[in-house]
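Student: Full structure from sequences and hints, please.
Sequences listed follow chains L and Y, in order.
Each residue of the first sequence is one higher than the one before, starting from 1 at the first, in the working numbering.
Each residue of the second sequence is one higher than the one before, starting from 1001 at the first, in the working numbering.
Everything labelled a hint here was simulated from the structure, so no lab data went into it.
Think of the CB as a built atom: it goes at the ideal place given N, C-alpha and C, for glycine as much as any other residue.
There could be a bad hint or two in this list.
Cβ-Cβ distance ranges computed for the label pairs, FRET-style [unchecked claim]: (1) Y:G1074 <-> L:D83: 38 to 46 Å; (2) Y:S1104 <-> L:T219: 22 to 30 Å; (3) Y:G1179 <-> L:H58: 51 to 59 Å; (4) L:P188 <-> Y:G1179: 47 to 55 Å; (5) L:L35 <-> Y:W1075: 18 to 26 Å; (6) L:P71 <-> Y:G1179: 18 to 26 Å; (7) Y:W1193 <-> L:D73: 30 to 38 Å; (8) Y:W1183 <-> L:R154: 34 to 42 Å; (9) L:P71 <-> Y:Y1107: 23 to 31 Å; (10) L:Q36 <-> Y:S1069: 13 to 21 Å; (11) L:S220 <-> Y:H1202: 47 to 55 Å.
Now the stretches of chain L that chain Y is said to cover, found in silico as 3 or more residues with beta-carbon under 8 Å [as the list claims (entries may be wrong)]: (12) 3 to 12; (13) 43 to 50; (14) 67 to 81; (15) 126 to 135; (16) 230 to 239.
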Amino acid sequence: MHPQIETRKFKSSTRRELLKLTPLIALGAFAVPRLQEPLLKSGLGFSDWMSKGLFRRHHLATTFSDSQLTPLDKFYVNTYDVDDPEVDLDHWTLKVGGAAQKAGDYTLANIQALPKFTQNTRHVCVEGWDAIGRFGGARLSDFLRMVGADTTARFITVRCADDYYESLDMPTALHPQSLLCYEMYDQPLTREHGAPLRLSIPTKIGYKQAKYVISLNVTSVLTKVGYWEDQGYSDYYSL
Amino acid sequence: MEHAVLVENRKTGKIAPAVYEHPYIVRLCHWLNTVSLFVMIGSGLQIFRAFPSFGAKIPERDLINWPKSLALGGWLGGALQWHLTFMWIYLGTGMLYVGYQIFSGNYRQILFTWKDVPGVWPMVRHYFFFGPKPVQHEAYNSLQKQAYTSAIILGLLSVLTGFAVWKPIQFSWLAWLMGGFHWARLWHFLIMWAIVAFVAGHLIMVVLHGWQNFASMFTGWKKDPDYLSK
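Tutor: The structure is reproduced here in structure tokens:
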């Protein structure tokens, strides 16, 4: 037999159960214009924090066979403002600054003197498309060692000839597949792919693969994160 | 588990049964999930707008021109902020719900098992072909168990495919299981539509089953459930 209670007692019980759901109203904060932006910003920050936890220094990005490559003419070119910032390839140098013992200007030949690595890796755009490309260049970690960079610093900031800018966390910069890339498909970089030097960081999303690189800075303080990051995209976006 | 009482109306003297059908954690998770599903689907569709295709970028053929008015976030970056924020709420809710169901034993209420198989067809006949309504013995009939068990599996798959798209390198094994990055993205999209189909069916059933049934998802209590009558 079921216990018997009277209506009034039953109603107060249902009311109590209903009131227990009131904490859900807190989610309404996301609908308040003044709170929405900071809330989403901290949500994205949490996501980045989890991403840093998931990153494994020695876990390699998948590499692909030559037959899986996206043909170079089918490799979509995303530009930021100009198709070609008209870099003077003959007088180009890479300026290294910040916490590096041998800060200064480095030529492409200096970079090419380092061991060359070529890898077929997937370039994933934040928009959702991807392309498998063949990238060749020097390991960023080798270059950082050559210039005497302080690898206990937290970031590498990157400036580009087209005013694009980016930054990388040090663990990603030291990843064995992170390249200072001067070749695609075994040919010197074409102008639309960032000649003479771009980043190829297969463990990161596409907007981190800066083109037309002209300077690297070793630092622990970021005043700006990157062109797209500063408009609201993830600071860390690793794959 | 569910417990029943008899509610006595003092004025009329009428006595009606009521059952505590939905434990607090289940109700809390239900409404949390309602909000996060809405945000995840809305922002997901805005993210999809940035590349509404599943093939190559060149030549690109847009699959659908999904209207901006039916999406959330305003632009790709905004939608990603919503998606990458609410995915943790969605995941946390799912873990809390599944954990609670397992440890409380309440999962028996909705878990579809072999013994529910014979009951599915009579319910389908009742809903879609105006067949007689099978006698109810418990809170959820076989078809409902099938639907809710599927919804939980879809929820799990939406998380797994989502992680494969978000971290195809750190979770390369997940992306591989799904047939690669392209397939993972397609599965993620298709599972979203399966969830939309579940929600649509769910809402139709809510409307058909009236106020007492709807109110029970807020208060936990269902008055006069048909499986407890007389």
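Student: Taking the Cβ atom of W1183 (chain Y) and the Cβ atom of R154 (chain L), is their distance within the range 34 to 42 Å?
Tutor: For R154 (chain L) against W1183 (chain Y), whose Cβ atoms are near 36 Å apart, the range 34 to 42 Å holds.
Student: Given as covered by chain Y, does the stretch 230 to 239 of chain L meet the bar of three residues or more with CB within less than 8 Å?
Tutor: The restraint on the stretch 230 to 239 of chain L holds, since 6 of its residues have a Cβ under 8 Å from chain Y and three suffice.
Student: Is 38 to 46 Å right for how far apart the beta carbons of G1074 (chain Y) and D83 (chain L) are?
Tutor: Violated: the Cβ-Cβ distance is about 27 Å, outside 38 to 46 Å.
Student: According to a criterion of three or more residues whose C-beta lies within less than 8 Å of a C-beta of chain Y, is the stretch 3 to 12 of chain L covered?
Tutor: holds (count 7)
Student: Could you check the hint for me, namely that Q36 (chain L) and S1069 (chain Y) are 13 to 21 Å apart, CB to CB?
Tutor: holds (19 Å)
Student: Given the hint of 23 to 31 Å, check if P71 (chain L) and Y1107 (chain Y) actually sit that far apart at their C-beta atoms.
Tutor: Taking Cβ atoms as reference, P71 (chain L) and Y1107 (chain Y) lie about 51 Å apart, which means the hint is violated.
Student: If you check the beta carbons of L35 (chain L) and W1075 (chain Y), does the distance land in 18 to 26 Å?
Tutor: holds (20 Å)
Student: For the range 30 to 38 Å, tell me whether the beta carbons of W1193 (chain Y) and D73 (chain L) fit it or not.
Tutor: holds (34 Å)
Student: Do the Cβ positions of P188 (chain L) and G1179 (chain Y) conform to the proposed distance bound of 47 to 55 Å?
Tutor: At roughly 35 Å between Cβ atoms, G1179 (chain Y) and P188 (chain L) fall outside 47 to 55 Å, so the hint is violated.
Student: If you look at each residue in the stretch 43 to 50 of chain L, do at least three have a Cβ nearer than 8 Å to any Cβ of chain Y?
Tutor: holds (count 5)
Student: Between G1179 (chain Y) and H58 (chain L), does the beta-carbon spacing fit 51 to 59 Å?
Tutor: Once the Cβ atoms are compared, 26 Å apart, the range 51 to 59 Å for H58 (chain L) and G1179 (chain Y) is violated.
Student: Measuring from beta carbon to beta carbon, are S1104 (chain Y) and T219 (chain L) in 22 to 30 Å?
Tutor: violated (52 Å)
Against the hints set out earlier in the document, violations occur for numbers 1, 2, 3, 4 and 9.
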